[in-house]
Amino acid sequence: MADKPKVAFYWCASCGGCEEAVVDLNETILTVVGAVDIVLWPVAMDFKKHDIEAMPDQSIAVAFINGAVRMSEQEEWVHLLRRKAQMVVAFGSCAHLGGIPGLANLNTGAEVFDTCYRDVQSVENTAGTRPQLKFVIDDHTLALPEFFDSVKSLDQVIDVDYYLPGCAPPADLIWGAIQAILAGALPPKGAVLSPNKAACDVCPRKDSKPDKIEISEIKRVATHIADPETCFLAQGFVCMGPATRSGCGSRCVEGNMPCRGCFGPMDEVYDQGAKFLSAFASVLAPKDEAGIERLLDQIPDPAGTFYRFSLPTSLLHRRKSGVPV
Amino acid sequence: MATTTFEPRIVAFFCNWCTYTASDLAGTSRLAYEPNAPVVRVMCSGRVDPQFVLKAFEQGADGVLVGGCHPGDCHYQEGNYKALRRFRLLKRVLTQFGVDDERVRLEWISASEGDRVQHVVNEMTNQLRRLGPWQQARS
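In the order they appear, the protein sequences are chains A and B. Residues in the first sequence are numbered consecutively from 66, following my numbering. Residues in the second sequence are numbered consecutively from 584, following my numbering.
If you are wondering where the hints come from, they were derived from the structure by calculation, not from laboratory data. Keep in mind that this is a model prediction, so the values were computed, not measured. Treat the hints loosely; a few may be bogus.
Simulated restraints, written as ranges between beta carbons of each label pair [what the hints assert, rightly or not]:
(1) Phe589(B) / Gly241(A): 48 to 56 Å
(2) Ala256(A) / Gln642(B): 47 to 55 Å
(3) Gln710(B) / Arg285(A): 30 to 38 Å
(4) Glu661(B) / Gly314(A): 30 to 38 Å
(5) Pro716(B) / Glu118(A): 38 to 46 Å
Yeah, the Cβ is synthetic: ideal placement off N, Cα and C, and Gly gets one too.
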C-alpha cells in the first residue's frame, strides 16, 4: 500500500460543488481509490491539519485544491499543501480564476461584513456584533481567521502546476487529468487541462449562428424564455461562449442556459471580461450614443456579468479601495 | 526639500487615418502641447481591444485616450462605431471597478484637426494632474 501515490483534496472558499464533482466520477472513483492513497479530503474523510504537518515535505504526489483564497486560514492551508505536495492542481473555477466568491472584489471586506451582520433584513444585530480575530471569555481566548479585503485565485497565493477549469469541472475532464497524472503524460507546467478552443467552436447550436449577429434588444433568462435551438447571442442573450474555453460538454447550453464563462478564457486572452465585452459590443446594433446607452441599460451589472467567474484574475483585480459603491 | 509634482502618464491610441494624422499635423504646425500622452498608432479605433485599456492601467498608466474618425468617416466604414459601443460598455464596467470617469476618454478627431489634439491632450493632462495617480490593486 505504501507504494501508491498519495493524493490530497482540499477546499477553500467554495460551495462544495467541486467535491460533488469528484463523487460524480461514480464507479470510476473506485478505480481512483484503488490507484492512489487519499491522505486528506475534509468533506469525506477524517484527517487533521497535524496529520499533514507530520508528513515529510514533497511526500504527497498531487494536491487538488478547490475554492478561492478568502481568509488567512485558507492561505495557511494552501502554503502547507504546497510544501507537502509535488504537484498542485487548481481545481474548479474558484481556485483557477477566483470564481463566484471573487465577485466580492467589487466590495471591500468591511462592506461584506456590513451586509452580512447589519444590512440584511433577516439580521437582528442591535449590538453591532462583528466577528473578531480574538475574543477572551472566562480566561479562554478564542480566535477566528482573518477575512481578507480581496478574494484571490490559488495562483495568486502559491505556485500552481495545473488548472482544471469549470464550475464544477466535469467528470470526464477530472478523470482525464487523473489518468494523465498517473501515466506521467502531462502537458507543460501551467497548462489548463481543457481544449484551448472557444465554447462557440463546439457549441451544439453553432449552425444556427447567422453570419452577422445584430442585437437590438438584450434579453435575460429571468425575463425571457430562450428558443431551445437557436444561438443565444443571435437571440439577444448575453452568452459568454465567444470568450470562454471549451471542454465543459456544453452542459449549460444543453439545459437552455447561455454560457456564463466558468471555464475561463483561452490561453491567448489575459482578461476574459474585457475580451467578451469587446465581442459583445461589436454585435450590438445601434450606432448613435443615445441608442447605445438605451441598449446598455438592459445590462444591470456588466462587471458582474462579464467577470462572473474571473474578477480576481482580471487585469484590475478588484474595485479600487476607498471608492464608494 | 523639493516637492516632486505628479505628472500623469496617458496612453493614447490614435487611428492611422484621422487622429494620428491630426497629431502629425499638430507637430508640423508647431503646436506645442503637453508631452504626457505618447501615441500608439493603430489602424482603426475599432482595433482598440478593451484589454489594451486595462493593460495600460495595470502597467502603470494614469489615463487612456482613444482617438478615431468622426462618425461616418471611418476608413473601414464601421470601426469607429464598434469603438464607440465598446467604449460606452467599458466605461460602465470601469465605473464598477472604481476607475474615475476622467481617466478614459474617446475623441473623434479628423486629420485636419491638429488643434483639437493639442486641446484634448492638454485638457486631459490637466484633469489627471488634479486627480492624481491611478492606484492599481496588486494581486
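Report task. Kindly confirm whether 30 to 38 Å is satisfied by the beta carbon distance between Glu661(B) and Gly314(A). Result -> At roughly 36 Å between Cβ atoms, Gly314(A) and Glu661(B) fall inside 30 to 38 Å, so the hint holds.
**Report entry** Distance restraint evaluation - Pro716(B), Glu118(A), Cβ atoms, bounds 38 to 46 Å
**Finding:** holds, 44 Å
Query raised in the report: If you check the beta carbons of Ala256(A) and Gln642(B), does the distance land in 47 to 55 Å?
Result: Given a distance of about 26 Å, which is not inside 47 to 55 Å, the answer is violated.
**Report entry** Gly241(A) and Phe589(B) - C-beta distance against the hinted 48 to 56 Å
**Finding:** Cβ of Phe589(B) to Cβ of Gly241(A): about 52 Å, so the range 48 to 56 Å holds.
Query raised in the report: Measuring from beta carbon to beta carbon, are Gln710(B) and Arg285(A) in 30 to 38 Å?
Result: holds, 36 Å
Going down the numbered hints, you'll see the structure goes against just number 2.
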